[in-house]
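S.K.: Sequence:
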Amino acid sequence: MIEPYERALDEVPGAHPYGRSSRYSEVEIGVYRCRDGTEVRYAKRRLLPRLDDAAEETAAHTVSSGERPDQLGQRYFGDSGQWWQIADANPTLDPRELTDEPGERIAVPLPGGFPGGMGGPGVRNG
8 MIEPYERALD
18 EVPGAHPYGR
28 SSRYSEVEIG
38 VYRCRDGTEV
48 RYAKRRLLPR
58 LDDAAEETAA
68 HTVSSGERPD
78 QLGQRYFGDS
88 GQWWQIADAN
98 PTLDPRELTD
108 EPGERIAVPL
118 PGGFPGGMGG
128 PGVRNG
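When the letters of the sequence shown are read in order and numbered with our numbering, they come out as residues 8 to 133.
What the hints contain is simulated information worked out from the structure, not anything from laboratory work. Among the clues, some could well be false.
[Unchecked claim] Restraint-style ranges between C-beta atoms, simulated for each label pair:
#1 Ser71 - Gly44: 52 to 60 Å
#2 Arg40 - Pro109: 24 to 32 Å
#3 Tyr31 - Arg75: 31 to 39 Å
#4 Thr45 - Pro118: 41 to 49 Å
#5 Val47 - Pro118: 13 to 21 Å
#6 Ser29 - Glu63: 46 to 54 Å
#7 Tyr49 - Gly110: 34 to 42 Å
#8 Ala66 - Thr45: 26 to 34 Å
#9 Pro109 - Gly26: 31 to 39 Å
#10 Glu33 - Gly85: 25 to 33 Å
#11 Leu100 - Ser28: 18 to 26 Å
#12 Asp107 - Gly85: 38 to 46 Å
[Stated by the list, open to error] With a cut-off of at most 25 Å between alpha-carbon atoms, the simulated DMTMM-like pairs for lysine to aspartate or glutamate come out as follows:
#13 Lys51 - Glu74
#14 Lys51 - Glu111
#15 Lys51 - Glu33
The beta carbon of each residue, even a glycine, is placed where N, CA and C say it ideally should be.
Take these sequences, add in the hints, and give me the full structure.
M.R.: Here it is in structure tokens:
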């Protein structure tokens, strides 16, 4: 759990534009300068480890009829906005694919999060 004083850092002007629980919280922020001098800030590429390298750090979940990614985020992480952690651990581009097939088994990261989420050997784009 993030302490209230740590959450206050998310509101500091000039601080990182993404909150601490965002999947982009540790992504480097780039700056593009337009010809007229205007600066446009953007999140640089976010890299993930290969799925087979992270398999030991996940638990299986069998999808039930009517489940949604946000419900899984709430169930496993106590925050419906953390569905992205489950999406990162599975070979899907659209998070709705995680729960569209009842009975399918999907990977859920163990406490501590998906390992190596910022890159390293064998990374994939995320």
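S.K.: Take the C-beta atom of Glu33 and the C-beta atom of Gly85, compute their distance, and say whether it sits inside 25 to 33 Å.
M.R.: violated (20 Å)
S.K.: Would you check the hint for Lys51 and Glu33, treating anything up to 25 Å between C-alpha atoms as holding?
M.R.: Distance of about 10 Å is within 25 Å: holds.
S.K.: Tell me if the beta carbons of Tyr31 and Arg75 are separated by a distance inside 31 to 39 Å.
M.R.: Violated, at about 22 Å.
S.K.: Given the range 41 to 49 Å, decide if the beta-carbon distance of Thr45 to Pro118 lies inside it.
M.R.: holds (43 Å)
S.K.: Is the Cα-Cα distance between Lys51 and Glu74 25 Å or less?
M.R.: violated (32 Å)
S.K.: That 24 to 32 Å hint for Arg40 and Pro109 (C-beta), does it hold up?
M.R.: Roughly 50 Å apart at Cβ, these two residues miss the hinted range, so it is violated.
S.K.: Confirm or reject the claim that Asp107 and Gly85 have a C-beta distance inside 38 to 46 Å.
M.R.: violated (24 Å)
S.K.: Is 18 to 26 Å right for how far apart the beta carbons of Leu100 and Ser28 are?
M.R.: Given about 22 Å between the Cβ atoms, the range holds.
S.K.: Quick one: are Ser29 and Glu63 within 46 to 54 Å, going by C-beta?
M.R.: At roughly 25 Å between Cβ atoms, Glu63 and Ser29 fall outside 46 to 54 Å, so the hint is violated.
S.K.: Could you see if the CB distance from Tyr49 to Gly110 stays within 34 to 42 Å?
M.R.: Between Tyr49 and Gly110, where Cβ atoms are some 40 Å apart, the hint holds.
S.K.: Hinted pair, alpha-carbon criterion (25 Å max): Lys51, Glu111. Please report holds or violated.
M.R.: Violated, because 33 Å separates the two Cα atoms, which is more than 25 Å.
S.K.: In this structure, is the beta-carbon distance linking Val47 and Pro118 contained in 13 to 21 Å?
M.R.: Hint violated: Cβ distance 37 Å, outside 13 to 21 Å.
Hints 2, 3, 5, 6, 8, 10, 12, 13 and 14 from the list above are not met by this structure, while the remaining hints are.
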